[in-house]
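Trainee: Work out the full structure, taking the sequences as your base and the hints as a guide.
Protein chains in written order, with the working numbering: chain G, 1 to 289; chain W, 1 to 431.
Keep in mind that the hints are not guaranteed to be accurate.
[Said to hold, decoys possible] With a straight-line cut-off of 25 angstroms between C-alpha atoms, the simulated DSS-like cross-links for lysine-lysine are:
(1) W/Lys181 - W/Lys241
(2) G/Lys74 - W/Lys362
(3) W/Lys362 - G/Lys157
(4) G/Lys229 - W/Lys268
(5) W/Lys361 - G/Lys101
(6) W/Lys288 - G/Lys101
(7) W/Lys298 - W/Lys288
(8) W/Lys31 - G/Lys144
(9) W/Lys246 - W/Lys181
(10) W/Lys362 - G/Lys101
(11) G/Lys247 - G/Lys183
(12) W/Lys260 - G/Lys229
(13) G/Lys144 - W/Lys87
The set of hints was computed from the structure by calculation and includes no laboratory data.
Bear in mind that the values here come from a model prediction, so they are computed numbers and not experimental data.
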Amino acid sequence: MSLAIHYDSTFDGFLSAVFEIYRQHLDVSGFVAERSYETECEAATDLFAQPFHIETSEESARRLRRAIVNAASKDVLGLLETCFRSEDTNIEMNILAYLRKLFAGLDPNYGRNPSSLEMIPLITIARSVRREMDNMLGMVRFNKAPDGMYIAEIEPKYDILEMIIGHFRGRYPNGTWAIIDVKRGFGVYYENYRSHFVTVPDSSYLSAHAPPDEFTRMWKSYYDTMAIKERINPRLLRRCLPVRYWKHLPERSLPDSSLARIGAVPSQQLPSTVAKSIAFASLRLNVQR
Amino acid sequence: MDIRDKLNILGDAAKYDVSCSSSGSKRNSPKGGMGCGHSSGICHTWSADGRCISLLKVLFSNACKYDCAYCVNRRSNDIPRATFTPKELINLTLEFYRRNYIEGLFLSSAVIGTPDYTMELLIKVAKELRLIHHFGGYIHLKAIPGASSKLLFEAGLYADRSSVNIEIPSDRQLQYLAPEKNFASIYRPMNFLAERKLEYKADKSKYSPKFLPAGQSTQMIVGASGETDFQILTLSAGFYKQQQMKRVYFSGYVPINADKRLPVITTKPPLLREHRLYQADWLMRFYKFEYNEILDEKNPFLDPELDPKVMWALRHPECFPVDLQTADYEMILRVPGIGVRSAQLIVSGRRFSKIRLQHLKKMGVVLKRAKYFIYDCEVPRELHKLYPEMLRPLLIAGKSMNDQLDLFDTMPTALPAPAPQPKVAPLSVNS
Ligand code: SF4
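Mentor: Right, here's the structure in full:
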């Protein structure tokens with residue numbers, strides 16, 4: 001009887017599961033990550049597979065990490081973790097297939113071969129994850145709240161928020177800012193040179209706290225003037241800047257600047273002081289570490 | 001005039017400058033300030049014409065005293081004029097930067113008063129950003145033609161990159177179209193900056209301030225003055241070698257002014273030609289091609305139907321088929337359908353196992369094209385016996401509908417790009 005492995009959706013959880021699969025010789029037909037949000041494409045669950053829950057164990061995860069580094073390298077471990085962030089339907093099975101080959105030990109060079117049939121797809125997936133991460137460095141948009149805090153909402157396809165934080169710490173070391181992944185319901189809050197992970201089940205009060213202002217509108221109209229009309233190319237635009245990201249980019253989501261200029265667009269409601277204090281209280285309360 | 005109106009006028013006037021790259025500088029945030037340099041540059045958004053926007057690209061002023069035929073800002077045009085104050089521009093840059101709209105500032109200007117006076121204003125903005133606001137973001141300053149060496153040097157101390165646009169690829173045409181300019185006046189500042197940068201590089205001492213860490217760039221207008229592709233590539237190869245340019249941009253001519261010296265105002269911008277030139281440029285920068293391998297006196301134009309890499313392969317049947325198990329990296333790079341990443345994977349992977357078609361497929365190699373040029377036991381031998389004349393129509397027809405439409409995309413489609421995307425291109429102007 002093959003099993004559908006349920007685990008807590010973290011990388012450590014996945015490693016623990018693989019550890020148990022080896023220890024107990026489990027016959028696996030798929031993985032089910034227990035997430036609070038929907039990923040791009042939910043796995044078609046195998047109706048005949050028996051659900052089997054595996055608890056996350058730091059110790060097993062640590063041991064498996066070490067085994068991977070020994071059999072392959074640190075780089076490969078990093079690559080697997082990057083792939084894992086894709087939350088791809090089959091990513092667990094793909095990584096498992098690679099690990100099975102790696103640990104089978106039939107080919108002593110397998111861990112160093114970047115062009116094995118199991119490795120090439122992983123390299124490709126890791127590349128897309130890194131590409132989104134790189135693009136996201138440019139696509140985070142902060143709005144300024146009245147108290148001077150800068151707030152951004154993002155909705156990346158892959159789970160990349162942690163990967164971009166270092167860049168923003170380096171960029172705004174003296175600022176107070178937060179970046180929220182609204183799809184995954186968590187964010188990073190940075191203040192006094194420290195960043196904290198926070199859970200943000202509902203970010204709507206935060207956006208109300210920092211609505212678009214004069215600078216947002218100047219940016220929008222600057223953006224509109226930049227296009228050369230003889231060269232307008234919607235297809236190229238969508239390829240460079242996929243529509244999925246537009247929602248959180250004021251230059252694509254705010255109404256046309258020519259309308260804004262003549263005042264046809266009602267300005268956003270300023271948040272009441274109540275909303276403001278809730279926003280703050282909850283951000284600070286949610287600080288986990 | 002409020003700052004928003006100025007931004008609209010001066011942004012609009014700057015949009016024909018192609019360069020918007022923020023690459024080439026790596027810097028940590030200065031103490032007590034903000035902003036860092038990201039060595040491969042960061043695109044923040046793309047405008048509706050599909051061009052990357054990375055920097056706040058504006059003119060300090062568009063009230064020009066010169067009269068270049070191809071430029072919107074020439075004094076004979078009747079357009080609204082505006083001039084920033086340094087303070088307005090600095091605030092705008094800082095606040096846009098804090099919101100992560102931009103990587104920094106690209107500041108150019110029409111010539112107001114004298115070239116030196118204009119240059120001083122640009123430097124003042126950069127200097128205050130760096131020294132008063134401890135701004136670590138990217139700064140690109142235009143070198144105003146005719147500005148003194150002393151000022152050019154000072155600009156290099158605060159800017160990451162500087163550029164002087166040559167615009168017109170021949171001296172005679174340039175003087176004809178831009179009476180106040182000539183090649184000498186363009187090359188002088190370029191050479192001056194290139195030499196200073198070399199001096200700074202030679203002096204390795206850690207404490208010397210950096211000079212133009214991201215180097216120089218320039219741009220040429222394509223299709224305004226009857227130049228050939230070979231002339232353009234020859235010039236750009238020279239810029240890369242002699243002036244150590246980081247980038248040469250091409251800008252398909254968009255008719256702005258009705259002027260008897262220029263193509264008629266209804267001319268469509270030559271986007272396909274511009275695209276092919278970028279592909280050729282790509283081959284020179286990342287695929288180790290020499291400009292005179294791509295074109296020569298007898299073949300002075302790029303092929304509109306095929307990308308320059310395929311064009312080269314068809315002219316050199318003696319180099320193919322290539323055996324991927326043994327060929328040099330440089331030769332694998334020259335196989336149509338194989339990009340930089342796949343070539344690297346092939347070379348590092350073949351030590352462990354033979355590279356077969358199934359590997360190539362997974363790597364994303366375009367087998368439709370590559371199959372004619374590689375040796376593999378699964379590829380029918382007849383494919384290698386095709387004459388170039390027979391192969392050409394096959395390669396053109398072998399392009400999917402998608403590729404056909406992609407002709408107008410500025411990213412080379414047949415040449416998979418190495419890491420950073422080319423910050424896309426169009427037309428230019430101003431100083
Ligand atoms: S190209 Fe420069 S100098 Fe010539 S008119 Fe335009 S702004 Fe003035």
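Trainee: Would you mind confirming whether the straight-line C-alpha gap from W/Lys362 to G/Lys157 stays at or under 25 angstroms?
Mentor: Holds. W/Lys362 to G/Lys157 sits at ~23 angstroms (cutoff 25 angstroms).
Trainee: Please verify whether W/Lys288 and G/Lys101 have alpha carbons no more than 25 angstroms apart.
Mentor: Violated, at about 37 angstroms.
Trainee: Are the Cα atoms of W/Lys246 and W/Lys181 separated by 25 angstroms or less?
Mentor: holds (23 angstroms)
Trainee: Hint check: W/Lys31 vs G/Lys144, CA-CA at most 25 angstroms. Holds or violated?
Mentor: Satisfied, since the Cα-Cα distance of roughly 23 angstroms is no more than 25 angstroms.
Trainee: Would the hint linking G/Lys229 and W/Lys268 be met if the CA-CA limit is 25 angstroms?
Mentor: Satisfied, since the Cα-Cα distance of roughly 11 angstroms is no more than 25 angstroms.
Trainee: Keeping to a limit of 25 angstroms between CA atoms, is the pair of G/Lys74 and W/Lys362 held or broken?
Mentor: holds (24 angstroms)
Trainee: Need the status of pair W/Lys361, G/Lys101: alpha-carbon distance at most 25 angstroms?
Mentor: holds (21 angstroms)
Trainee: Regarding the pair W/Lys362 and G/Lys101, is the alpha-carbon distance no greater than 25 angstroms?
Mentor: holds (18 angstroms)
Trainee: Run the distance test for G/Lys247 versus G/Lys183: straight-line Cα separation, threshold 25 angstroms.
Mentor: holds (13 angstroms)
Trainee: When you check the alpha-carbon spacing of W/Lys298 and W/Lys288, does it fall within 25 angstroms?
Mentor: holds (22 angstroms)
Trainee: Given the hint that W/Lys181 pairs with W/Lys241, does the C-alpha gap stay at or below 25 angstroms?
Mentor: Holds: W/Lys181 and W/Lys241 sit about 23 angstroms apart, inside 25 angstroms.
Trainee: Measure nothing beyond the straight line between the CA atoms of G/Lys144 and W/Lys87; if it is 25 angstroms or shorter, mark the hint as holding.
Mentor: holds (21 angstroms)
Checked against the numbered hints listed earlier, the structure breaks hint 6 alone; every other hint is satisfied.
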